[in-house]
Structure formats: C-alpha cells, structure tokens
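2 protein chains.
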Amino acid sequence: MTQATLDEKILSALRHDASSHISGEELCKIAGVSRAAIWKHIEGLREEGYSIEASPHLGYRLLNIPDRLIPSEIKWKLKTRLFGKEIISYKSVDSTNDIAYGLAEKGLKEGSVILAEEQERGKGRHGRSWISPPKSGIYLSAILRPQIAPSEISKVTLLAAVAAAKAIRDVTGLQAMIKWPNDILVNHKKVCGILIEMKAEQDTAVFVVIGIGVNVNTPVKQLPKGASSLREELKNGAREECISRIELARKLIERLEEDYFLLKKDGFKPIMDEWKHMTDMLGSRVKVVLQNRTFEGLAHNIDPDGALVVRRDAGTLEKILSGDIVMVR
Amino acid sequence: MTQATLDEKILSALRHDASSHISGEELCKIAGVSRAAIWKHIEGLREEGYSIEASPHLGYRLLNIPDRLIPSEIKWKLKTRLFGKEIISYKSVDSTNDIAYGLAEKGLKEGSVILAEEQERGKGRHGRSWISPPKSGIYLSAILRPQIAPSEISKVTLLAAVAAAKAIRDVTGLQAMIKWPNDILVNHKKVCGILIEMKAEQDTAVFVVIGIGVNVNTPVKQLPKGASSLREELKNGAREECISRIELARKLIERLEEDYFLLKKDGFKPIMDEWKHMTDMLGSRVKVVLQNRTFEGLAHNIDPDGALVVRRDAGTLEKILSGDIVMVR
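So the protein lines, in turn, are chains A and B.
Numbering-wise (this note's numbering), the first sequence opens with residue 1 and increments by one.
Numbering-wise (this note's numbering), the second sequence opens with residue 1 and increments by one.
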C-alpha cells in the first residue's frame, strides 16, 4: 500500500461523518495499520494543511481541509463518469496546457485533468501570457478526444465558455457573462480566460486541451488592468469570505463533462443556445481587431460554426473566425 | 570550419563544372586546406557514395552523386526563398512528421524540411501506417506557420496535394492525379500519400506539418496492395531508369513554396482550380466511408472550404469533411 492511498483511506474515514469523532481503533481497522502508523499519518496530513482534532477519549475529527487543489479532495463527491477520474495536480508549472498537451501526446486518456497552484508561464491566446499568481487561482487543463473535424473546434471553444460560466455562477452566484469567443466577465471585468489547443490531422482532431484560468481569490493588485477576481466581485456585493477553489474546480470538471456529453448526444445547438443566453454582447457595438485591420460594427449573431457575425456600418455582415473584440461603450 | 562545410566547399567546387577537372591546387585554395586534407575529404566523400575521378595530371572530377537525400545536394540549385533553406536529413526515423512536429514546437522556422531514407513507423491518416521501405522513397515533412483559422486547414491539405502532383508530373512526366482529399494516384494506383498535422489554438493555427510520402523507386512487392511506385509506373511506359530522389525532393520543396506563396497572395481559389484540374473523380461514382455509416453517390464538387460534396442517389447533397472515399467502377 502506498502512503497516498493510506492517507486517502484515513481522510475518507474522517470525511465520512465530519460532525462526530472516529476512534483511533476504528481508523486502525479501516486502514489496516497500527495506531502508531495512524498517528504518523495524521501528523503528515496536518503538515499538508489538514486541521484534525485529536481527543484522547473520542478519537479524531476532521475540522478543516487545506485550500489546495488536492486531487483526492476534488474527486471527493465529484459527480462525473469520465472527467476528473484522473487528476494530476502540481504546485507550480510553466503552463498546465503544455503539461496536458505533452501527456495527451503520450496517450493520457480523455477526461484527464491537470491542475496547478501556480503557472510561471501561463498562456493566453495568440502567444499572450495569463498571469497566474500562486494559491489563489485555478489553472486547469482537461484533455478531450472528440471525433470532430478541425473546423469544429469552435464548438469546443464555446462549450468551454458555457461550462466555465455556469460553474462560476453555481459556486459564487455571480452573474458570469461570456464575451466572444470565450472570456468570462463579471461586472464587465475579466475573471476567467480559456485557451483551447488542439492537435489535428487534416480532417480530424487528434486531441483537444481545454485550458481554463480562473482568478478566484486573487488580489486585484496582482492582476492585469481590466481583470478582477471572483472574490473581489463578491466583496463588491458585500460578501467577504474566500471562495473554495476545491469546490469550484470540482464544479468546472462536472460542467465540462455535462456539456461535452450534451454536445456528443444532441449536437451543437443546445450549447450555442446556452452561449447566447449567457452573453450580453449580441446587439452591442464592438470594435473588431484583426491581424491587419480594425473596424466597428454591431455584434449580430453567432453562426452555426461558432463564428461571430458582425454587421458593419455599411450594412454588410462579416464573419469573424479569429480576432479580438473590444466592447464599445 | 566543420567537416561538413569543408565537404560542401569541395563538392561545390567539383559541381561547378562537372564536365572538366579541377586541380588539387585549386581545391586547396578554395577550401583553404592542404592537399593531404583535400585527399582525405575526397576519400570521405567517396565513402559516402560520391564517385570522384582523380587524375594525377588533371585533378579531380565529379562523376556521380549518391542517390541519397543529402541536404547539400537538394539545396544545390534549389530555387526557393524560404522552403528548404533548412533541411535536416535522417537515415532512419520513426516518422518524419513526428520529428518535424517536435522541432516546430521548439520553434523551428517556417519552410524547414525534415527528410528520411526510411521510416520505421511512417504514419498515414487516422492512425494508419505508411509503409516506408529504405533508400527507395521520399519521406518529407515541411513546417508551415500559416496565419489561418483551424477550419482553413483543408486549404493546406489541397495545396499539398496540388504541389505533390505537380512535382511528380514535372520530374517523371507521369499523369499524377489527385483523389480527395490528398492521395496521389498514377494509373489509379496510389504512389504518394499526404498527412497534415497541425497544432492550433481555438481560432488560429500555431504551425502545420505537411508530411509527404512518395514511393519513388520502391519495388512494388514491398508496398501494400493497390499501391505502386513511380518507377514501376514508368516501367509500364517502357522506361527503366531510376528516378532521381534528389531531383524529386527538390521539386517537391519548390512546388510547396510556390503554391504556399500563391495561397498567401491570391487566396484559395487558384489552388482549388488547380486541384480540380488534377482530379478525375468529380462526376464519378464513389462510396463514402464515414466513422459510423457508408453510402454511395456522385462526387459532385469541392466546396470553398475544401470539403467534398457528394450527391446522394436521393438527390440531396452531402458535404464530407472527414472520411474515406472509394472509387466505384
């Protein structure tokens, strides 16, 4: 038995009924080790940040878990069939997407999730960086192996935005909104960014990595201009507590699976409909910034391929596959 | 000065006027080394397969170059501005596409070309293998960094087919034809296959690897059923000689650059028009084999996205993004 699984056995027993104590004797039975071994592991868990009460007569009781992206904590009560069955969590990485991409190339299976407490070279779209301060955000990458053509990647892009916005709404109650293609804003400030990376052959995706960065409890002074964190936006609504990153990570994984299965079962329309319900940009004036030109117009619609359709002032419609959108107010 | 560049200096001087001799003294001057060093390098080149005549009074003369995919031989007289400026050639690899993909991830620049004399795990579409016997074929992968959306990858796919078919026609005179999306056939037998692999973000390609495998002088008994080699098809036309792989590799690189620059300058239409002129499948009866179903119909057209449009017997048109086409005769 490895130490990890023994820790997990003990934690599982402690979690089982967090309102009452469990005796050392019982823990010994469950874990199949001596009382001295139990004690040693309880000490180890405390060092990891678990708060565990030890009462000479009553036994042990779990008071609090550390706010870290620990796989076993996220898996605990995770309601999925495929996603998050494999979770690999790092203290610090260059980029969770790079790790996930490399592991996907080596065959890591669909639904696997990579997490990190910190990214030293967090990536945004088009070679930009994603500022990823330690211990306060969620940096998550999930591996998908959808049977789609490369041109269908925008379906996954919009799916990821819908899943992330819903997870944020579920856990915080904040009115998370989507900006095309997949920024998540609260009160018009960016709290979450999504980077999709794909390996594809000419006519079929080989794998897709969905990278999601969420500013959860991140102090705003650590973030770029125009960005905010979920905690900061809750504060504005007069709530002060930290948001559980474990709960949000779990919900992100659940929502990703739910929407991915929905896409496979019912196609893209339900996802696109949800996307449209979670954006307030359609009908708004936007500036479209492309590689070689810039123009303004009205965000008109999302087409069945996931492209943004913009109505130019001259009345013509232009389909935007790739580019940056600035809201004009 | 490294040995490679000294060899290249000597070769370059020898190639300069292959009809006459160059004296040892002259070679010493050009290469900046002693006569003993020249002699040593001439011996080294002979071991590599170069046939070099040495006459006591006249000096050295290049009689023949080895039929190997030597970068300096391919670069010699290569008429390109970008493609093939960097050529890395291997004796044996698992897959030139894997090598190119890995180097592209590390930043190897656009137009770089990977070649191998043999692939031990040559790849075809959809996880299939590409039989790659040693010393008789061309296994070539080129790195592109086009500014396109992932959905535009089919433009590169058709471009690669056009470039490969033209290069084969140029060098052999054979009537190479394209079968959607990018098989190259001669006399209805497959002589060349293309595998495109791409790394992409949600809305933009990061890089594309064009992998081209050509059965050049490959004995048919080493090839799978239905496949042939260029030499075999020339034999049928009563010519017997080996085809120069160096010449064909050079022409492939030139045609790739030419069509890639054309795509960048004038868009997809000229490429698509050329593609249509090099296929005889439009109007023919085909069986379409998809992941989960199979049907027959008439190959109707290529749509502006590069998809194959098939007219089903019921009269409806179906757009095929991904799948296998079997010609029905």
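No wet-lab data here; the hints were simulated from the structure.
Remember, it's a predicted structure, so these values are computed and weren't measured experimentally.
Built from N, CA and C at the ideal position, the CB exists for glycine as well.
Warning: the hint list may mix true and false statements.
[To be verified] Covered by chain A, per the in silico footprint, the following chain B stretches (three or more residues, Cβ under 8 Å):
#1 82-89
#2 191-198
#3 215-226
#4 308-316
[What the hints assert, rightly or not] Straight-line distance between alpha carbons at most 16 Å, and here's what the computed EDC-like set of lysine to aspartate or glutamate pairs gives:
#5 B:K106 x A:E8
#6 A:K199 x A:D98
#7 B:K189 x B:D280
#8 B:K319 x A:D324
#9 B:K155 x B:E258
#10 B:K79 x B:D170
#11 A:K77 x A:D273
#12 A:K319 x B:D170
#13 A:K91 x A:E48
#14 A:K106 x B:D98
#15 B:K155 x B:D266
#16 A:K199 x B:D98
#17 A:K199 x B:E105
#18 B:K106 x A:D94
#19 B:K199 x A:E8
#20 A:K75 x A:E247
#21 B:K319 x B:E296
#22 A:K155 x A:D273
#23 B:K109 x B:D94
#24 A:K319 x A:D303
#25 B:K269 x B:D303
#26 B:K199 x A:E105
#27 A:K287 x A:D324
#28 A:K29 x A:E48
#29 A:K276 x A:E296
#30 B:K155 x B:E241
#31 A:K106 x B:D94
[What the hints assert, rightly or not] Using C-beta positions, here's what the derived DEER-type ranges look like:
#32 A:D170 x B:L82: 43 to 53 Å
#33 A:E118 x B:N292: 53 to 63 Å
#34 B:K269 x A:G283: 28 to 38 Å
#35 A:L290 x B:K40: 36 to 46 Å
#36 B:Y90 x A:I30: 53 to 63 Å
- Pairwise hint evaluation, E296 of chain B against K319 of chain B, where the allowed Cα distance is 16 Å at most: holds (13 Å)
- Given the hinted pair K79 of chain B and D170 of chain B, is their alpha-carbon gap at most 16 Å? The given pair, whose Cα atoms are some 14 Å apart, holds under the 16 Å limit.
- Does the alpha-carbon distance linking K319 of chain A and D170 of chain B stay inside the 16 Å limit? violated (39 Å)
- Query: Given the hinted pair K199 of chain A and D98 of chain A, is their alpha-carbon gap at most 16 Å?
  - Reply: holds (12 Å)
- Going straight from one Cα to the other, do K91 of chain A and E48 of chain A come out at no more than 16 Å? Holds: K91 of chain A and E48 of chain A sit about 12 Å apart, inside 16 Å.
- Task: With a cut-off of 16 Å on the C-alpha distance, tell me whether K319 of chain A and D303 of chain A pass.
- Result: holds (8 Å)
- Outcome for the supplied range 43 to 53 Å, where the beta carbon pair is D170 of chain A and L82 of chain B: Taking Cβ atoms as reference, D170 of chain A and L82 of chain B lie about 50 Å apart, which means the hint holds.
- Query: CA of K109 of chain B to CA of D94 of chain B, is that 16 Å or under?
  - Reply: Not OK: K109 of chain B and D94 of chain B at ~22 Å, beyond 16 Å, violated.
- Item | Cβ contact check, 8 Å cutoff: the region 191-198 of chain B against chain A, three residues minimum | Satisfied; 5 residues make the cut.
- K269 of chain B and G283 of chain A, beta-carbon distance inside 28 to 38 Å? Since the Cβ atoms of K269 of chain B and G283 of chain A sit about 34 Å apart, the hinted range of 28 to 38 Å holds.
- Are K199 of chain B and E8 of chain A close enough, with their CA atoms no more than 16 Å apart? violated (38 Å)
- Decide if the proposed pair is consistent with the structure: K287 of chain A and D324 of chain A, CA atoms, cutoff 16 Å inclusive. Holds: K287 of chain A and D324 of chain A sit about 8 Å apart, inside 16 Å.
In summary, the structure is inconsistent with hints 1, 3, 4, 5, 8, 11, 12, 19, 23, 28, 29, 30, 33 and 35 from the numbered list given earlier, while agreeing with the others.
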